[in-house]
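Trainee: Here the protein sequences line up with chains G and W, keeping their order. Heads up: the first sequence runs through residues 1 to 309, numbered per this note's numbering. Heads up: the second sequence runs through residues 1 to 327, numbered per this note's numbering.
Hints are computed from structural coordinates only; laboratory data are not their basis.
Calculated pairs, DSSO-like style, for lysine-lysine (alpha carbon to alpha carbon, straight line, at most 27 Å):
no.: 1; chain 1: W; residue 1: Lys70; chain 2: W; residue 2: Lys141
no.: 2; chain 1: W; residue 1: Lys326; chain 2: W; residue 2: Lys277
no.: 3; chain 1: G; residue 1: Lys270; chain 2: W; residue 2: Lys141
no.: 4; chain 1: G; residue 1: Lys114; chain 2: W; residue 2: Lys161
no.: 5; chain 1: W; residue 1: Lys287; chain 2: W; residue 2: Lys326
Letter by letter, the chains look like this.
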Amino acid sequence: MDAAVERLQDLQRSDGGWPYEPGQATSFSEPTCWTLMALHSLGLLTGATASSGCSFLKSLQLPDGGFCTGTINREANWSTALSVWCLSILNQEQAAAKSGERWLLEFTGYHWQKPKNSPLGHDTSIQGWPWLRECHSWVEPTSYAIHALRSRGITQHPRLSEARRMIADRCLPGGGWNYGNTMVLGNELRPFPSTTATALIALHGDKQRFEQTVARSLAYLDDTLPRLRTPWALGWTRLALRCLATESAVEAEPEGLDEQIAGCLVQQLKPGARLRVHELAISLLATCPFRRLPFIVAVEENAKKVDAV
Amino acid sequence: MSKHGFDRRTFLKAGAAAIVGGSAVGLTRYAYAHRPKVHIERVPSYEADLAAALRSSLTNLGLTGMFSGKTVLLKPNLVETAPWQTAINTHPSVVLAAATVVRDLGAREVLIAEGAGHRRDSELVLDQTGLGDVLDAAELKFIDLNIQEVDARPNRTRQTKMAELFLPRPLLQADVIVSMPKLKTHHWAGVTLSMKNFFGVMPGIVYGWPKNRLHTEGLPQSIIDIVSTVQPHLAIVDGIVGMDGDGPIMGNPKPTGVLVVGENLPAVDATCCRIMKIDPTIVPYLKLAAQQRMGPLDEFAIAQCGTDIDQVRQDFRVLDHFGYIKS
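Produce the complete structure using the sequences and hints provided.
Mentor: The structure is reproduced here in C-alpha cells:
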C-alpha cells in the first residue's frame, strides 16, 4: 500500500491536480477528487497537497458555480458533484463549494413523461442528475450528487429524495444497476459491479424504504465479487459492502477480499501496467478504515462545518 | 437504373460533383471518382489463420503499403460483456491478427483504442473479454479514449448542433485510423458497423455515458459528423460471428464467417448490409452519408472483390420498427 500511496503522491502535477494517466500533460477534476479523498481518508494528506489540489479544483469552477472536467472543455457538468464533495470533505475552498452546491441543486437535465408505447422500462420523469446539461439522468452522476449534497449537510432536500427514488427505479428487475437503463424494447439489460456499488452506497441510510432493492442487488454483487480482479469494480464493490455493513444488510465481508484488493494494487503498480489514477485511488480508498470513508464522514461530521460557512 | 432511380451515368456525375463538393467541405478522403473497393474474405471461425486472411484482403485492395512508418490506431468495438456472449465485442483474435499484420507491414507503433459506450470500467471489459490478456501477451498498448486529453476540432458536416467536436489527442495524433467493428444490427440505428463504431472515440468525460449527448443530438447526424471530422482510413469488420435481433448487446450470435475490409466506410457498411440482407440505401445514417457524398451505397458503385456477397449472405433479423430496412 505504501508504494501505491507514493505513486499517487508522485503523480500530482505542478498545477496541483492529477491526470487520469501517468504521462498526460493535463490535470482533470475526477482523478484529483478521488486522489485527495483517498489520501485524506487514509490520513496521509498533507496540508500543502490538499491546498494545491483544491486550488486546482477551484480553477475549474466557472462563474455560474459549476465545475468543468478539465481545462479545455469549459462546460460545467458532472464534475461539479465530485468537486463539491471533495472540497467539503477536506474542508477547503468552502465558498467555492457553496456556490457549487447551489449550481448542483439547479442542475437538472432532460426528463419527460413516458408515453404508453415507450421502449424504455424506467420512469423517465423522475429526476436525478445527468452527466451533462440537456441530457437524461443516470446512476453514477446521480450517486455522486447525492454524496456531494450530503457532504454539505443537506439530507432532507426534495431533490435528494427524488434522486434516491430515481436510483431505486433504475434497479434491474434481477438486481443490480448498469449505467441507468433497465429494460429496453422488452429486454432486461445487464448489471455492472461498479454502478451497482455506487447506487447501493447512494441508497445507504434508507434501508427500510429500499430493502428489497438493496437485498437483490447485494445478491448480484456477492455472486460477482469472486470473479473481480480489476481496480474500479473491486474497489467500489468493497466500498459498498463496507457501507452496507453498518445497516446489517451485510454481516461480514467475504473471506479473501483483502487479498483480492492487495493483489489488484500490486497489479496496477507493475511496470507496463495500465495504471489509471482514479482507479488506483478507489483501490486505496477501499482499504480505508470504515469510519474514515467519505460517504460516512460526510453525513456525520460535515453538517457542522457547513453551518459555519 | 437502380431501384432508387440512380443510374451509372447519374452516379458518375454525382461522383465528379463529390470531388468538388467534397473538397469544399474538406471531405476529400471520401470524395470518390472511382468505385471504391471492398473485399470480403471468407473465414470459418476465430481459430482460422486470421492474419493470413487479413493479409490477403489488404493485398487484394492494394493497401499493404499504407502502414509503413506510421502510428496506427486500431479501434475495436468494446461495449460491455456478458457470460457466454461472444457476439457483442470485436473478437480479441481479430484485434490481435490486425495488430500483427500491421506491425509486419512496417507500422512504427500500433495502438488499440476504445472508449466503451456503456461501461466506464474499461479494465473490466478488457478482463472479461480476454482482450486484456491478449494485448499484454503481444505487448500492445491499450488507450481508454474516454479519459484522454482532448482537443476541439471544427465539425465538418454540422448535421448536429455541435459546432466543434472534442476528440482524444491519441486519435488526432495517429497517422492511420482503422475502424474494427462487429457485424451487428442495432436497435436504434438499424445496423452498427464501421461508421457507428466511431461513437467509441468520443470521450465519455466530455459526452457522458452512454455517450448521451450524441443520442440527444440524433444518431444518424452524430455518426456523420464524427466520421467526417475524424476521417478514418480503413475498416476491418469482424463478421465471423455477428449479431442479429436486438443488437448491439441483447441480440443473438449470427455466425456469418466473413471479414469485410475497405477504405471507404460507407461502401464497407453498404456491403455489410447486403451480407445481412438489409438495404443500405434506406438505413438512415447511410442515407445521410450518401447525401453528404461520403461514399457510394449502390452495389454497382462499389468494386466488390474476394468472395461474392451471394455466397455469404445471411438473413439477419431486425426488430419490428426496423422491418423496413430489410431487403
